[in-house]
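From first to last, the protein sequence lines are chains A, B, C, D and E. First residue of the first sequence? That's 1 in the numbering used here, and the numbers climb one at a time after it. First residue of the second sequence? That's 1001 in the numbering used here, and the numbers climb one at a time after it. First residue of the third sequence? That's 2001 in the numbering used here, and the numbers climb one at a time after it. First residue of the fourth sequence? That's 3001 in the numbering used here, and the numbers climb one at a time after it. First residue of the fifth sequence? That's 4001 in the numbering used here, and the numbers climb one at a time after it.
Since the hints were made in silico from the structure, they are not lab data. The beta-carbon is built from N, C-alpha and C at its ideal position, and this holds for glycine as well. Take the hints with a grain of salt, since some may be wrong.
Pairs of lysine-lysine, PhoX-like flavour, derived with a Cα cap of 20 Å [unchecked claim]:
hint: 1; chain 1: B; residue 1: Lys-1441; chain 2: B; residue 2: Lys-1370
hint: 2; chain 1: A; residue 1: Lys-385; chain 2: E; residue 2: Lys-4031
hint: 3; chain 1: B; residue 1: Lys-1370; chain 2: A; residue 2: Lys-27
hint: 4; chain 1: A; residue 1: Lys-310; chain 2: E; residue 2: Lys-4213
hint: 5; chain 1: A; residue 1: Lys-310; chain 2: A; residue 2: Lys-385
hint: 6; chain 1: B; residue 1: Lys-1370; chain 2: A; residue 2: Lys-29
Negatives, chain D to chain E, calculated, CB over 12 Å [claimed, not checked]:
hint: 7; residue: Leu-3053
hint: 8; residue: Phe-3084
hint: 9; residue: Ser-3089
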Amino acid sequence: MNWHNSAITVTTLLPILGALVIICVPKDKDRLIRGLGIFFTAAALVLAIAIAVGFDYGTGDFQFVLNVKWIETIGANYHVGIDGISMPLYVLTFLLSFLCAIYTWRYVPDPGRTKAFLALMLLLETGMAGTFIAFDLILFFVFWEMVLVPMYFLIAIWGSANREYASIKFFLYTLFGSVFMLLGFLALYFSGPTDALGHHTFDMLRLTEFGAGGGFSRTFQLVVFGGIALGLAVKVPMWPFHTWLPDAHTEAPTIGSVLLAGIMLKMGTYGFIRIAIPMLPEGAHAYAPWIGGLAVIGIVYASLACLAQKDLKRLIAFSSVGHMGFVMLGIATLTPIGIQAAIFGMVAHGVITGMLFFCVGSIYDRYHTREIAVIGGGMAQEMPKLAGVFAFVAIASLGLPGLAGFWGEVMSLLSSFNPAPGLNVGLFRAYMVAGGVGTVLTAGYFLWMLQRVNMGTLPERWSGKGFRDIIAVEWLAWLPLLALTLVLGLFPRLVFGITDNAVGALTSLIGR
Amino acid sequence: MDIDYRALLPELILSGTVILVLVVDVFLSARRKWLAMPLAMVGVVAALVALLSLVGGPTRTAFGGSFVVDRFTLLFQGFFLVAAIVVLAISLRYFREGGFYQGEYYFLLLTAFLGCVMMPGSRDLLLLFVSLELVSAPGFLMAAFRKGDIRSNEAGLKFFLIGVLSTAVMLYGMSLIYGVTGATRLDAIAVGLSRVVGTSRETLALAAILFVVVGFAFKVSAFPFQFWAPDTYEGSPVPVAAFLAVASSAAGFAGLLQLMFIAFIGQHEFWVPIFVLLSLATMTLGNLVALQQTQIVRLLAYSGIAQSGYILMTFALVTDDAATNHAAFSAAVAYILIYGVMNVGAFAAVVAVSRRASSLRISDFAGLVKVAPLIAVGMATFMISLAGVPPTGGFWGKLLIFRAAIDRGGPLGVWLAVIMLANSVVSISYYFAVPRQMFLKPAEDETPLAAPVLVSAVVAVATVAIVMIFILPGAFARLADLSSLVGG
Amino acid sequence: MSGQEYAFIVLAVVGSVAAIAVVTARNVVHAALYLVVTLLSVGGVYLLVGAEFLGWVQILIYVGAIVILFLFGLMLTKAPIGRDVLDNHQRWLAALVGALVFAGLVFLVQDAFPLQDAVATESFQGTTGLIGDAIFRRYVLPFEAISFLLLAALIGAIVLARKDEST
Amino acid sequence: MIRLPLILFFSALLFSAGVYGVLARRNAIMVLMAIELMLNAVNVNLIGFSAQLKDVNGQIFALFVIAVAAAEVGIGLAIVILLFRNRESINIDEVNLLKW
Amino acid sequence: MAGSVNVFVRYAWLIPLLPIASACLTLFFGKRTPGRGAVYGIAALATTMLMSLGVLWHFVQGNGVYAPAGLEWFTIGPLRLELGMYVDGLTAAMLVVVTTISLMVHIYSLGYMHGDARFTWFYFVLSMFTAAMLTVVIANNLIELLIGWEVMGVCSYLLIGHWYEEKQNSNAAIKAFITTRIGDIPFMFGIIMLIAATGFTTTNIVGVGEAIKEPAISALFVSMAAILLFGGTIGKSAQFPLHVWLPDAMAGPTPVSALIHAATMVAAGVYLVGRLFEVFLHAEPWVLTTVSIIAAITTLGAALLAIVQDDIKRVLAYSTLSQLSYMVAGLSMGEEGMTAGFFHLFTHAFFKALLFLGAGAVIHAVHSNDMSDMGGLRKQMPITFWTMIIGSLALAGIFPLAGFWSKDELLVVAQETGHTWLFVVFLVTAAITAFYTMRMVMLTFFGDYRGHGHPHEAPSTMTGPLIFLALCTVGVGFLGAPQLGSVFGDWVFFEQPHAGTFVAWIALLSTVVAVGGLAVGYRLYQRRAERDPMESALGPMWNVLQHRYYIDAFYMRAIIYPTRDTLSAAVYWTNQHVLDAAVNGAAALARGLSHVIMWFDRTIIDGFVNGLGETAGSTGGLLKKVQSGNVQWYAAGLFVGVIALAIAFIRIA
């Protein structure tokens, strides 16, 4: 075991260790617990960065690989590794978790219980990070499911009024999805390649080679891709499987929303890029038009729904649906540009929407309401900094060039102008146009939101409430995200530079 | 004649303990009666040690092959002995405070476990029948052990009547099989049945098989022989319910496995459809009815029925292909063991809570996390595991059966797998009702619940075990793999 | 038709009639007595086919012990008299099921061992020794088990039936 | 000698009678009696076959059945008496506190 | 790349960066610096202005284009993006205009925004705004250009909504952003098409220019791209039908209006066409025709609207619209037109800025935009008056002021290239322009004061820029004077320079027309009438104009409200009541199914339990009958089960 094959395992599992440690701390040592939370997330982040530093960006293949027998009876291995596709998301996971931990230093949602809260959060962190580095279907699925339970509790315990419904819905819905996904995995397993002894394998790389090499029959691909895609689509969420998202977001505590929007949704899209498409290229080609279609429907639909929202948080939740629509559109084009656009979109959305949820959380913390009408504007007068940050992020989110939100959108539109050979060009150009319309609507609802929250004058009922403007802890938790929003916008290379080779390798596999 | 006492050592030690408990109890003063439990515990542990000494040894047969000690036997015997330890552990306080006849109870419990331990080794109709009775009869009595409580009497009565009836049917079947094949040893029966094939007696033989299955179907509470289970579980003392749910049903499966895979394997074309029907009906009914339960024990009872349905599914997978059967068999074994762990854990948790509320409704678990965090977390784990959701062992259990089903191939396999999945999804909604209560609902009285230390220990261990199984399923699967009675 | 067979038929008929009487009698004590008759006839059948040991066990244990046990129970629970009190509402269902079972079994048996071409075999004498022998060799394990079973039944029955102040 | 089918018919009748009794009687003790009938039917089968096969195992089996039957009766009666003591009646169909 | 490259050109890329730097300084340290941070912006702009002049000097010397290879920005698949600059005469001219005007505005704002609550913030955005425009001007590739383009949009949004306490201001801001954004979408598609034309290899303007010449690229493809690109112009330069945002943009502080209308936003649209002129020329002719038609519509329509405005800034706003269309129309006339068009942009920038700042001074004095609150100000504020006069005459196109020369150029080109109908349109518009300019001047400075308080001359920080711009207005015209060899034409041209020609009769004609317009204006507004004389003159037309041809109303009623309120509500309703309902339904299905099963069982069990006897009063719980609690029913179930199984399977076997 040297650094190179243990790094990922250590980094990924560190949070769980943290969770265990925290559990052992008596619950009255509140400060200590929060400190530990920050410590462990920070440590994990440092390790992750170390990995990123040690990563060789020159190539598109997997690094820090560790592959050992795990469950021999079913031929599942503990196979982890990282490449340009995983890297951004992997690091983002630890970054966001760390920031959430910092945020928790100040804000623990009712009903307190910091200990359990942080423990669950750490568990969640491992689950999410693991999903991005697992290269064995079973391992992937295990991490995937591992995310479910803590998030369920985060929503169900620390959520707001309607939390129970939301949590159950979230849980059952995503579980429903993953059942189909599991079916798909097993199908891959059983009709996938076998070794000399005739054992099947869950190894994603081997399955990818096999599938990309046309190992699976067309009909098989159609069926199985459908199943897996359904499972992933629920997680993304793609229209019309998105209805769990607004509820989950609205009810979840700030941290929950941040992680949910920031990372969890990406697991679905990542699954498409990593599993569904390379392993089942024909299926991907067959479904791409439909996926693209649903994606653009999602874009327009979500932005329209946003216009109708009265609840700030719900609005942002819906906006997520739209943004993930762009990501899916990029993926659906099956082109290098499209897929990279998708990855960039994921990262950007993670940073920006995460930040938006932070803002909403803080706004709620001041006003104790999320009703736009009740807030009633004038925030810019009362809390110029908070308002400024909010506006900045909102504008970033509507895809202003020069900020992170832009590249994902424009590149996916760009790629959909010329989708992968074999896909209906006219159709995808139509999608492009629809997407464009979506961007206008997006701008519309965000600006309208800003008008109703930031602008105007502070209503009577809030005067003399003495709202604090952004406090130190918030700055600490936010600055990295704000900086990233700008830096990614100005130097997209930070992501594209990482993904280019890996995606190139991937698409060259499936390209025909 | 020479008897391989080494092979019988665990049984002998256990029976010795039984007698010992009975005798010692007589000399114990009322306040000391509880000492019977540690005594029994020691005996069981001793038996376990003896058992372990047999592990890795050669397959031993006694009484002309009617009793066999092979890996299968050892695995299950080990399981039962551990279960015995657990049940004893969770019984102590319950019976000490409930004003029961403790000595007699432990005596009966051990006797029942003696039956369990004999079951997996019995390769003879007569032995199977006797072991089964030995498991059931004390069960009847223990179910009615809360003498003052009419519900308990009722539980005993129902259990007794249905039990005896199914025994009668089973015996009738056995008699017919004996008549048709002229044998009572399982392997001999297999041979005899193969001779019958095609003759005019085949029909009778098949009917006989059906009758025999009934006896065990009752034990594992498969539809339509499941009626007794919920009522009995509810009525009996909780530890007894735990015994019934964990040990007794596992014993039933142990017997069923041997019967089906040794004696009746030749007739699988006949009985596979039956099991298809049984398993589907059982799991579906169990899950759907469980949806409507408000009482925790009944919930567990129906969940148990559903789980039996999953296990029965493995029987429905049998084909001519040895490999498939092997997969099915080991899947069944693995599932039985995993299920045992999580179920016993759940019952332990119930025992812990039952000291707070007499009639255990799910709502009595409200806010448990504040009152008894350990128990709550454990219970949550068990529920998640029963639902088959990662990160718990239950997930593997389901996955193994699922895999076996797919492996079997053909529409049947796939359909079974799909229906099983559908059922699992349905089951989630009632399994999660419990954690929901424990974590999301406020407790009506906040006074911390001091669970008996033994019970807490059991919960803790089971919890860890479930998670460990999830992390290292390999060992478990391997175990099941080795102990298969079907040459893979 | 050998003499034994005539004897058997007589016994069987008596036993059958008595059996039906057991489950239809209006009076529990009568029912118990009918049961005695049935059991005796069954025992007779055992003797006829040459299972003397079983025959005597049947007569002694059942008629001697079990039936007494029943009467005991009847007295303890001062059971009432009359069909309506003795039978429940699903009598018809019960009759139906019973009839079905009988038809089914007869059919199966007839299918497997057709009466017409069944040959009468001479009886199987001198089994008692064999039984004793076997029990203590091959069947020592079940024997041990069964003794535990009886013990458990005894103890448990006492515990349950005992009238105690504690509860 | 006796032809096997006849014996089997006899046992079948006993069994069916038992079934009827079990289902139709509401008095617990009567039900127990009915069960005894069924067990006897089993024994008749066993004896018949054992005679047919010239094999003693059947008889031994029957012996065990008798023993078990005795045990069952004991248990059954104990439960019934317990029940009677608690609710002054041994009518099974009134015993339905536990349901659903 | 003939000739040496002077230092300014080589470091031209600093020109956008300096304002950005100043913006950052303003944002982070502005509050703490004396003068609340205005200095950064002013300093930066002053520097950049000088640099721009330096850059321009490079072309005055007659050197050629300077287009160094940019730095690699990032690579994605085949596509390689650069950060780089492309400096030619057009760029240089634009740089000068932008920096100059912006500097003036910066200085002017010192006075105008004095004491404003968000003074520092204002300067921050102002600098960002300028920087964005400069980026657009200097960018050597489409994406870079697009970035500047959009950032400019956001800044305009922030500036227009600067006084966001007023609902209408924030509305105007949103309107501006969204409307331009609507134009940007086709623009973006156009860019995408051009990038696609290069086979997704580069986004450089040069590269694109070469790519579209490839025979592989069909003329239709290019035409589509061109028309889409023009969408961007329509949005940013507020051409019909997306012109609606510009008048409302007056909601912003006046200096902002000056900046937007003179040098930046609106100019960007025109600049874009010039920058990608290659594309337009390679497109099929109908593209340019469309462009000129749109321009013509806008120019006339806007001019007419200007007549009826009471808000002084709105008058100027509409005049801007029509003047912009002049330029666009000019460009639409092809190579010669390009020079002329940009010359007009150049001159217009100065005098329009002048007019706006002047108007600002007036507003600053009388605290109202409404000309009915003004009048007779020539006494109180002489400097403003005289500078405004110069600006107005320039706008009207009176010799020898800037406006005259550029308009004249356009007319000549129109005549030479045979766009007679445009020629006519130009003339008519010129007349109307002269008229409403005069109207404005009369209402503002003549007659007697109708407002409240005692207006007084603006502070020197405001008058200074006025004077400077006035001088420019007088001066810059001669840059394009054919008699002086129309220097401007040597800087800004497509492919090869076109020396402007002077056609005496056209010059005369235009002057006559202009003077006529002025005269009519003077006559009508000589003495103050209660009702505006035009109201009667125009009759029903008056109302139409008052309602801006009902276009805004139409947009509001037909598009905005339906989308924002009705459609969105409908969608959300669907979400909650169709999609979500489906989900919850599915969730409820399991439970429901259990009920169904139970009902089934109940009927079955009832059927055979009580079928022969009494019919059950089966109304109780669903499970009652299955799990009836009666052990004998269980027993029955047991036997029935066995029998059923036996019957079912034994025969099969």
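How the hints compare with the structure:
1. Taking the CA atoms of Lys-1441 (chain B) and Lys-1370 (chain B), the gap is about 10 Å. The hint holds against a cut of 20 Å.
2. For the given pair, Lys-385 (chain A) sits about 14 Å from Lys-4031 (chain E) by alpha-carbon distance, which is consistent with the 20 Å threshold.
3. Annotation: proposed proximity of Lys-1370 (chain B) to Lys-27 (chain A) holds, straight-line Cα distance about 12 Å (limit 20 Å).
4. Taking the CA atoms of Lys-310 (chain A) and Lys-4213 (chain E), the gap is near 52 Å; set against the 20 Å cutoff, the hint is violated.
5. As the CA atoms of Lys-310 (chain A) and Lys-385 (chain A) are separated by approximately 23 Å, the hinted pair breaks the 20 Å bound.
6. Of the supplied pair hints, the one linking Lys-1370 (chain B) and Lys-29 (chain A) holds, its CA atoms being roughly 17 Å apart against a limit of 20 Å.
7. Non-interface status of Leu-3053 (chain D) relative to chain E is upheld: no Cβ of that chain comes within 12 Å, the nearest being about 24 Å off.
8. Chain E leaves Phe-3084 (chain D) outside its interface by the beta-carbon criterion, the shortest separation being 16 Å against a cut-off of 12 Å.
9. Against chain E, the non-interface label of Ser-3089 (chain D) holds: every CB pair exceeds 12 Å, the least being about 14 Å.
In the structure shown, a violation is registered for the earlier hints numbered 4 and 5, in ascending order.
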